[in-house]
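Make the full structure from the sequences, and use the hints.
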Amino acid sequence: MTTTSPLGLGTKPRKARPSTSTGRPVWMGPPNRVLTAMRGLILTIGCAAVILPFLAVVSTSLATQAEVTENGGFVLLVREPSLASYQAILSGGVVTRALVISILVTVVGTLLSLACTIGLAYALSRPGSLGSRPILLAVLFTMLFSPGMIPMYLVVKQLGLLDNLFALILPVLINAFNVIVMREFFLDIPDELMESARIDGANDLTILARIVLPLSKAVISVIGLFYAVGYWNAFFNALLYISSPEKWPLQLVLRTYVVNETPMGVDQVSAGSDSLPPQLSIQMAILVISVVPILLVYPFLQKHFTKGLMIGAVKG
Amino acid sequence: MSGTISRRRFLGATGAFAAIGLLGACSGSPSSQSPNGGSTGGGGAGDGLLPTFRPFDKFPPDLASSNPDVSPGYFSYPAPPTAVTSGVPASGDPIRALTFTYDPVAPELSHNALWQSLNEALGTELDLEYTPAAEYNARFATTIAGNDLPDLMAIKGQQQQMPAMLAAKFTDLTEYLSGDAVLDYPNLAALPTPAWLSTVYDGKLWGVPVPRSLIGNVLYTRADMLERAGLSLQPESLEEFTEMAQALTNDREGRWAFGQTPLTVLLETNGIANLWSVDGSGAFTFNATLPGYEQALADAVALNDLGVVHPDGNAVQNTQRNEWMIAGTTAFQIGLYAGWPKFYVQGADIEGFRLTGMLSPAREAGGEMVRTAGPSISHFSAVAKQDDPERLAEILRVLDWLAAPFGSTEYITRRFGKEGETFTFDGPDPVLTSQGINQATLPVRYITENSPVIFESRNEQAVRDQFDHQEAGLQYTVPNPTEGLYSETAVSEGASAQQALTATEVEIVLGNRPVSDWGAAVESYMSAVGNTIKSEYEEAWAQLNG
Numbered sequence: 001m002t003t004t005s006p007l008g009l010g011t012k013p014r015k016a017r018p019s020t021s022t023g024r025p026v027w028m029g030p031p032n033r034v035l036t037a038m039r040g041l042i043l044t045i046g047c048a049a050v051i052l053p054f055l056a057v058v059s060t061s062l063a064t065q066a067e068v069t070e071n072g073g074f075v076l077l078v079r080e081p082s083l084a085s086y087q088a089i090l091s092g093g094v095v096t097r098a099l100v101i102s103i104l105v106t107v108v109g110t111l112l113s114l115a116c117t118i119g120l121a122y123a124l125s126r127p128g129s130l131g132s133r134p135i136l137l138a139v140l141f142t143m144l145f146s147p148g149m150i151p152m153y154l155v156v157k158q159l160g161l162l163d164n165l166f167a168l169i170l171p172v173l174i175n176a177f178n179v180i181v182m183r184e185f186f187l188d189i190p191d192e193l194m195e196s197a198r199i200d201g202a203n204d205l206t207i208l209a210r211i212v213l214p215l216s217k218a219v220i221s222v223i224g225l226f227y228a229v230g231y232w233n234a235f236f237n238a239l240l241y242i243s244s245p246e247k248w249p250l251q252l253v254l255r256t257y258v259v260n261e262t263p264m265g266v267d268q269v270s271a272g273s274d275s276l277p278p279q280l281s282i283q284m285a286i287l288v289i290s291v292v293p294i295l296l297v298y299p300f301l302q303k304h305f306t307k308g309l310m311i312g313a314v315k316g
Numbered sequence: 317m318s319g320t321i322s323r324r325r326f327l328g329a330t331g332a333f334a335a336i337g338l339l340g341a342c343s344g345s346p347s348s349q350s351p352n353g354g355s356t357g358g359g360g361a362g363d364g365l366l367p368t369f370r371p372f373d374k375f376p377p378d379l380a381s382s383n384p385d386v387s388p389g390y391f392s393y394p395a396p397p398t399a400v401t402s403g404v405p406a407s408g409d410p411i412r413a414l415t416f417t418y419d420p421v422a423p424e425l426s427h428n429a430l431w432q433s434l435n436e437a438l439g440t441e442l443d444l445e446y447t448p449a450a451e452y453n454a455r456f457a458t459t460i461a462g463n464d465l466p467d468l469m470a471i472k473g474q475q476q477q478m479p480a481m482l483a484a485k486f487t488d489l490t491e492y493l494s495g496d497a498v499l500d501y502p503n504l505a506a507l508p509t510p511a512w513l514s515t516v517y518d519g520k521l522w523g524v525p526v527p528r529s530l531i532g533n534v535l536y537t538r539a540d541m542l543e544r545a546g547l548s549l550q551p552e553s554l555e556e557f558t559e560m561a562q563a564l565t566n567d568r569e570g571r572w573a574f575g576q577t578p579l580t581v582l583l584e585t586n587g588i589a590n591l592w593s594v595d596g597s598g599a600f601t602f603n604a605t606l607p608g609y610e611q612a613l614a615d616a617v618a619l620n621d622l623g624v625v626h627p628d629g630n631a632v633q634n635t636q637r638n639e640w641m642i643a644g645t646t647a648f649q650i651g652l653y654a655g656w657p658k659f660y661v662q663g664a665d666i667e668g669f670r671l672t673g674m675l676s677p678a679r680e681a682g683g684e685m686v687r688t689a690g691p692s693i694s695h696f697s698a699v700a701k702q703d704d705p706e707r708l709a710e711i712l713r714v715l716d717w718l719a720a721p722f723g724s725t726e727y728i729t730r731r732f733g734k735e736g737e738t739f740t741f742d743g744p745d746p747v748l749t750s751q752g753i754n755q756a757t758l759p760v761r762y763i764t765e766n767s768p769v770i771f772e773s774r775n776e777q778a779v780r781d782q783f784d785h786q787e788a789g790l791q792y793t794v795p796n797p798t799e800g801l802y803s804e805t806a807v808s809e810g811a812s813a814q815q816a817l818t819a820t821e822v823e824i825v826l827g828n829r830p831v832s833d834w835g836a837a838v839e840s841y842m843s844a845v846g847n848t849i850k851s852e853y854e855e856a857w858a859q860l861n862g
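First to last, the protein sequences are chains A and B.
When we follow our numbering, the leftmost residue of the first sequence carries the number 1, and every step to the right adds one.
When we follow our numbering, the leftmost residue of the second sequence carries the number 317, and every step to the right adds one.
In short, the hints are calculated from the structure, not lab data.
Ideal Cβ positions, reconstructed from N, Cα and C, are used throughout, including at glycine.
Errors might be hidden in some of the hints.
To be verified - Calculated lysine to aspartate or glutamate pairs in the DMTMM-like style (CA-CA distance at most 20 Å, straight line): (1) Lys247/A x Glu552/B; (2) Lys734/B x Glu451/B; (3) Lys701/B x Asp464/B; (4) Lys734/B x Asp443/B; (5) Lys157/A x Asp464/B; (6) Lys247/A x Glu441/B; (7) Lys247/A x Asp443/B; (8) Lys247/A x Glu776/B.
Claimed, not checked - Which residues of chain A face chain B? A partial, calculated answer using Cβ under 7 Å: (9) Leu77; (10) Val94; (11) Gly148; (12) Ser243; (13) Thr256; (14) Tyr257; (15) Val258; (16) Leu280.
This is the structure in structure tokens:
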């Protein structure tokens, strides 16, 4: 099939549409069994590549020493599930308390970060905001230059935040990348909406609350998720700023299990003690504990996630 | 240990260069800073700087050696336990300490009966802060920069400008601990002399060591598997070692001899012990420049080609390799001596499980055997600048209490806590309760502790096997000549250059580059930092040895 140039300057061949023998496009024709089988196979392999490692992690976390030994490490399907690893981690209350601290830091941190990011992004998106240009440059500057570990520590110390949970939030309260993404989203909202609101007597705060935020659920969800995952996974700030182990968040507590190869003071425990689950099971149980809360949040944000991710990608 | 080289990397099969380098890096170094970076040990024991060594004879071991480096072996806890101190060592303000741990986090003081009983025994509150060992360097750097030092602080590995940093921030303990002065603290006087050497910089004592056995790296061996296969537990030559590896390998059945390429073994087989060597005139040699090193690389490649190493072995973590050995997938595993007890816990359900250590054989039967020296300390604890002599004495008494020997009641309180709550007696042996297992992860032992001993409750064979390995192996140990020396270049620039050399070594062992590339890589290392480090060590050695 060929087509003529609109300007009549010549013709160029045009790729034929893939079609069935009846002349209909492939996707409108009856399914080809071979292709369907291939698709199924590829999808099955893809799913297996994702599911099997996760299954191995969960199974190994439930395995006994005998099964770990029998399999030489990871266990794919556990025969006699045991919660000993979870009991070992959760007994003593250290991990449970760390979980509460992590949830607290994540929730409070995410709310504060979102509030500050929305406020800053909105101000920077409004034409005529006082000092918006230099403030925007200052925000961009933080994307290019990091202050470094020791200057950050000294600032936190001077602010009197050492061994205070706010030291885990305030130094990372605003992320410049997130501010830029949100500002771009706000700039996309038609000015007419805000002008009409202003004619109706709304001030900036009302416009933000009544018009901008309801239209920005997607970007707020995504940025909120970015912040939440950041707070949830952070351990290095806690390592530097929090000296009391009883105030450590979950990730730092769990790191002591994963990084170190010894489950506990084994030279103080008799060989054959049934209170020591295999180290590999403990490590896998820790993985499960650390990813489950975030996994639980994802389904609720999924509908916004794709849309939110596209914001930066398609913005000209 | 040096923060730039992780413990896992140390244990990696192909990281032999890093491994023997680390053994050196683990040791501290006495020094007298010179303008160009070389520094000397602040006098040896000969001029009375090092504390007088006075071991305890109150608790006679079941296994003792004439070699003082071999740890004594105990089949059971000495009964009855005896107190070696009187009264409480402190009664003042809480003592703040910062250290690190290889264990999980312990419950807080209000939920930790072991910690409470420890405070009761000390007569004050031990305010203990700690981080995972892998992250300690970051915490150390910020704490020093923030100038908010606790009373006691772990000095792990060597830091840049170490002598100047110690002089600026910490208390010189020479007056209180050198020579016979240490006898005021009898438990500290029982710590081995080589361990103290690592706390000396600029001719002064800067801390109290956390001592370790000199046995260092172990080629862990599933003795039960070798015995079933009718193989010797100690091959006499490289040829026999290789044949043994082949006999233990059957890839169709999923069995291999090694979980990693045993380059550390092959280096010793080819006469390479430690990263540096020194001759009688004080000339240092970087051992990677020796023909034996290149030969060991060639042997490693040949061993890989024989298929006796697990195909995934050089790509997994040591935890996985440990599991392989326990499962019988592999017969050997290379690791630090400190990890020995954990294998008994992991292998408790295995019928006939027996673990021994194998020495690196000589290349030819009857040839000379050598062994790389392990670090004499894990690290040392320094006391922050302290002007009040009474407070300082109190801190030293607490350290003395924490170093109480195996067999004492103080040791039981420190490691096991409170009877009936965190531990019970199984015959003479204290055994942690399930509650105690969690609480005993409090890293008090990383402030300081007693001299190493071998003890496995109700496992006499395990004690004998460890003792025999030390007895057999330590006689071949070549002392690390850089122990007691400080090179600023090695600390500040050595790690990155060494990393590049290690990367080349890994590529060669994996067969991605020819062995002939090694010479050029070493030459590049020497011109970058090696020659400077060599001259700094030589200068330091000359000052130390007159």
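Hints and how they fare:
1. Lys247/A x Glu552/B: violated, 55 Å
2. Lys734/B x Glu451/B: Given pair Lys734/B, Glu451/B is violated - Cα atoms ~31 Å apart, limit 20 Å.
3. Lys701/B x Asp464/B: The hint holds at about 11 Å.
4. Lys734/B x Asp443/B: Holds: Lys734/B and Asp443/B sit about 19 Å apart, inside 20 Å.
5. Lys157/A x Asp464/B: The hint holds at about 10 Å.
6. Lys247/A x Glu441/B: Holds. Lys247/A to Glu441/B sits at ~19 Å (cutoff 20 Å).
7. Lys247/A x Asp443/B: Cα-Cα ~14 Å, so holds.
8. Lys247/A x Glu776/B: The hint is violated at about 42 Å.
9. Leu77: Status violated, d = 17 Å.
10. Val94: holds, 5 Å
11. Gly148: violated, 11 Å
12. Ser243: Holds. Min distance 5 Å.
13. Thr256: Since the shortest Cβ distance to chain B is 5 Å, the answer is holds.
14. Tyr257: holds, 5 Å
15. Val258: Val258/A check fails; min Cβ-Cβ to chain B is 9 Å, beyond 7 Å.
16. Leu280: holds, 6 Å
Hint compliance for this structure: hints 1, 2, 8, 9, 11, 15 are broken, all remaining hints hold.
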